[in-house]
Amino acid sequence: MPPTEDDPRFEDLDWNEIQQSKRTVTAERAALAVGVALLALGRAYQELSAGLYLIGDWRPVTLDWAFLLAVTVVAAYGAVPFAKRLRRRPVSLRGVLRRRPAVVLSGAFVAGLVAVGVVGSALGGSPPLRFQHAYHPPVGFASTVPPQECLGVETGGPFDRVCHGTWEYPLGTNERGHPLGFLLVEGARTAAYVTVISAAFIVPLAAAVGVVAGIRGGVVDDLLSSYVDVQLCIPALLLYFIGYAYYGPSLLLLLATFGLLSWGGIARLVRSEVIQRREEGYVLVARSLGASGAYVARRHILPNSTNTLVPAVFQLLALFVLIEAGVAFLGFHEIGTYSWGSTISESINAAVAGQLQERADQPAHKIWWVSSLPAAALTATLVAFKTLGDGVRDALDPRGDRS
Amino acid sequence: MTRSRGGTDGTPLLSVRDLRTRIRTDDGWLHAVDGVSFDVDRGETVCLVGESGSGKSVTCESLTGLVPQPPAEVSSDAVEFDGESVADRSEAELRSIRGRRIAHVFQNPQSALDPVYTVGEQVTEPIRIHEDVSRSTARDRAVDLLRRVGIPRAGERLDSHPHEFSGGMQQRIAIAVALAGDPDLLIADEPTTAVDVTVQARLLDLFRSIAGDGTSMLLVTHDLRVVAAVADRVLVMYGGTIVERGPVEAVFSDPSHPYTQALFDSYGVSDGASIAERTARGEIPTDGCRFRAECPHAVDECAGGAQPAFRSVADSSDHAASCVHYGPDGDPSAIRENATSPMDSRAERGAERRSTDPAESPATPTPDTEGERR
Numbered sequence: 001m002p003p004t005e006d007d008p009r010f011e012d013l014d015w016n017e018i019q020q021s022k023r024t025v026t027a028e029r030a031a032l033a034v035g036v037a038l039l040a041l042g043r044a045y046q047e048l049s050a051g052l053y054l055i056g057d058w059r060p061v062t063l064d065w066a067f068l069l070a071v072t073v074v075a076a077y078g079a080v081p082f083a084k085r086l087r088r089r090p091v092s093l094r095g096v097l098r099r100r101p102a103v104v105l106s107g108a109f110v111a112g113l114v115a116v117g118v119v120g121s122a123l124g125g126s127p128p129l130r131f132q133h134a135y136h137p138p139v140g141f142a143s144t145v146p147p148q149e150c151l152g153v154e155t156g157g158p159f160d161r162v163c164h165g166t167w168e169y170p171l172g173t174n175e176r177g178h179p180l181g182f183l184l185v186e187g188a189r190t191a192a193y194v195t196v197i198s199a200a201f202i203v204p205l206a207a208a209v210g211v212v213a214g215i216r217g218g219v220v221d222d223l224l225s226s227y228v229d230v231q232l233c234i235p236a237l238l239l240y241f242i243g244y245a246y247y248g249p250s251l252l253l254l255l256a257t258f259g260l261l262s263w264g265g266i267a268r269l270v271r272s273e274v275i276q277r278r279e280e281g282y283v284l285v286a287r288s289l290g291a292s293g294a295y296v297a298r299r300h301i302l303p304n305s306t307n308t309l310v311p312a313v314f315q316l317l318a319l320f321v322l323i324e325a326g327v328a329f330l331g332f333h334e335i336g337t338y339s340w341g342s343t344i345s346e347s348i349n350a351a352v353a354g355q356l357q358e359r360a361d362q363p364a365h366k367i368w369w370v371s372s373l374p375a376a377a378l379t380a381t382l383v384a385f386k387t388l389g390d391g392v393r394d395a396l397d398p399r400g401d402r403s
Numbered sequence: 404m405t406r407s408r409g410g411t412d413g414t415p416l417l418s419v420r421d422l423r424t425r426i427r428t429d430d431g432w433l434h435a436v437d438g439v440s441f442d443v444d445r446g447e448t449v450c451l452v453g454e455s456g457s458g459k460s461v462t463c464e465s466l467t468g469l470v471p472q473p474p475a476e477v478s479s480d481a482v483e484f485d486g487e488s489v490a491d492r493s494e495a496e497l498r499s500i501r502g503r504r505i506a507h508v509f510q511n512p513q514s515a516l517d518p519v520y521t522v523g524e525q526v527t528e529p530i531r532i533h534e535d536v537s538r539s540t541a542r543d544r545a546v547d548l549l550r551r552v553g554i555p556r557a558g559e560r561l562d563s564h565p566h567e568f569s570g571g572m573q574q575r576i577a578i579a580v581a582l583a584g585d586p587d588l589l590i591a592d593e594p595t596t597a598v599d600v601t602v603q604a605r606l607l608d609l610f611r612s613i614a615g616d617g618t619s620m621l622l623v624t625h626d627l628r629v630v631a632a633v634a635d636r637v638l639v640m641y642g643g644t645i646v647e648r649g650p651v652e653a654v655f656s657d658p659s660h661p662y663t664q665a666l667f668d669s670y671g672v673s674d675g676a677s678i679a680e681r682t683a684r685g686e687i688p689t690d691g692c693r694f695r696a697e698c699p700h701a702v703d704e705c706a707g708g709a710q711p712a713f714r715s716v717a718d719s720s721d722h723a724a725s726c727v728h729y730g731p732d733g734d735p736s737a738i739r740e741n742a743t744s745p746m747d748s749r750a751e752r753g754a755e756r757r758s759t760d761p762a763e764s765p766a767t768p769t770p771d772t773e774g775e776r777r
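Residue numbers (our numbering), protein chains in the order written: chain A, 1 to 403; chain B, 404 to 777.
Isolated chain A (complex conformation) (with noise of 0.2 angstroms):
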């Protein structure tokens, strides 16, 4: 038959243009390479200079560098896509923000976490101690444990001083006399390292054991899954001790056992997600059309797992949060590390302990604000986490219209 206007003839596709255009050079690897080359360059640069900072007082150690890989790891394969999506398919942010405000806040939240560990290290050092200053209350309340020099408004009588915030200290200020927005911001930063590197690091590794072990099954898979549950009891924290007995405190090492033992858990849910997909009909389509084993996977069945992998992913960042904050806690943490975890602390042993002899017997509550405003500042990360996993999981999902 004849073919007509509506019968596309094969012959008409020119293969040369096609040949030619075949890319291997995409933005996010394109982003990955200008990002590696440029880290590069500033480690060869800190290495071979005189001088001990590379820019203004800031002098990065491993764990920034790590950090700082990890942050364009993230920005490549997350930021990358995402950006692409965007600009494929506009989303008014107006309307986003209208049917899923919760979700906008925490990505906002969790954004300006990210922008302050990569910027707060970069704005300065610590503080100078200020024992003088020590308890400062926020803007707009009192203390009755005051310091010795109160910059605010001071009332009541020699014996019972009452010291007023100050708008020298806003948020006022720990036992040290550090103001807590700069401790706010510097616990922001560890929170920031602990994510980003875990998920930078440790969310690969678990979705490609995941992937590897639903796909090939058979003994790949036994061989995989036994090794994760043979992982999944050793204590990260027991192992921390021991790095702890030998190397100090340091977060590396805090980051390097939990990250490194934390994965199995999301290595089984991807994998069992892995097993149902690969059984689908799209994936038999996917085979009848030409696709490779590695095609499969990549493009069918890890995008049909996000429903449970990024959701699961979120909580682990978030419980990483978590557990750093606790080790903080107990006081294993690095010094020199403003852990939002160390501050909660430290205000409650100060007050109880009573470094400070007139303050042995005032009870914690009195200098609320040091542990409360840590505490908070946790709290609306973990929410945060949780709550952009479940944003992100639905945008990723077509059929979902909720996003």
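Keep in mind the hints are simulated off the structure, nothing from the lab.
Keep in mind that the hints are not guaranteed to be accurate.
To give an idea of the chain B side of the interface with chain A (calculated C-beta under 10 angstroms), a few residues [stated by the list, open to error]:
| # | residue |
| --- | --- |
| 1 | T467 |
| 2 | P473 |
| 3 | R503 |
| 4 | A506 |
| 5 | S514 |
| 6 | D517 |
| 7 | P518 |
| 8 | Y520 |
| 9 | P529 |
| 10 | I532 |
| 11 | H566 |
| 12 | V580 |
| 13 | A581 |
| 14 | A583 |
No farther apart than 20 angstroms at their CA atoms in a straight line, the calculated lysine to any residue pairs in the SDA-like style are these [unchecked claim]:
| # | chain 1 | residue 1 | chain 2 | residue 2 |
| --- | --- | --- | --- | --- |
| 15 | A | K386 | A | A102 |
| 16 | A | K84 | A | A27 |
| 17 | A | K84 | B | H564 |
| 18 | A | K84 | B | D562 |
| 19 | A | K84 | B | R531 |
| 20 | A | K366 | A | P179 |
| 21 | A | K84 | B | S537 |
Heads up, the beta-carbon is just placed ideally off N, CA and C, and yes, glycines get one too.
Given the coordinates of chain A, assemble chain B onto it according to the supplied hints.
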């Protein structure tokens, strides 16, 4: 890139000889396909009919190695496609055939499309797997394909996701995906089973138009109306073997194997007893004539050895049945008495044939409203 269609060198497009697929189960080997031989000529539509579990789907999936191995094991004397053997190709070589030379359409349209991708992305998947094309080229191609399978407003629907389409539309899209690589052979495994009757009729129109474009088809079905509507030749399968083969007119007017007769009877018009009434269903034998346990004409010769040799039925050399009664010593007259044509499908077929005459109707079925956005 051009490829000649309907080559004149006389060799069939697909030639299968003694295909066997067995699947390892806890109870030992299950012989799902047990010595199947057939040809599909260029431009021809061959229908594989038979009840559930007769090995139709496994036959199709064995051809291009889609059957997971293990647990399955595929062996054959020869599987030749376009003159080249595909029987012992590596997985990579098979992949280069799949999608571009031989494409599949499966039964369930709801699961055949990946929910996370837009229709446009899926329709161009075969091109993207085998080549890498620019986005605009792929998009144009996707629009053409969707238009060809009768999706109304194809350009607007490219960015819709599969769940926004009805079952019939999803099956059309699945067919568009299969056609995207411009295959020489389309293997459709029960493509109309999971959709309702009105949609079936429209899909059959689509298959006729695909056949009209020169694509060879191997169509698996247990629906005789589908066979009547599109087939050139019919293969009847039972218990992993082909029991009767022939041109569709001959098989329909003169079903010659007792199983074919029973199958046709089960479609209702005849007064004859159904399969269930004729004989209690037992274990299907794994040697000789597989149907002998249920066959009203079974004799001792039916048992043992390979399946009975194909004997031509009546005067047509193309029409043959695997039954001892058609052998030199057999007397098929008792069987011939039961030869009733299934339903009035031939009349229907005639009407449809006329209505799809290329001179009268365009290749593309008229867009319909079955897939309006829900």
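**Asked** Which of the stated hints cannot be reconciled with the structure, identified by number in ascending sequence?
**Response** The structure conflicts with no hint, since it agrees with every one listed earlier.
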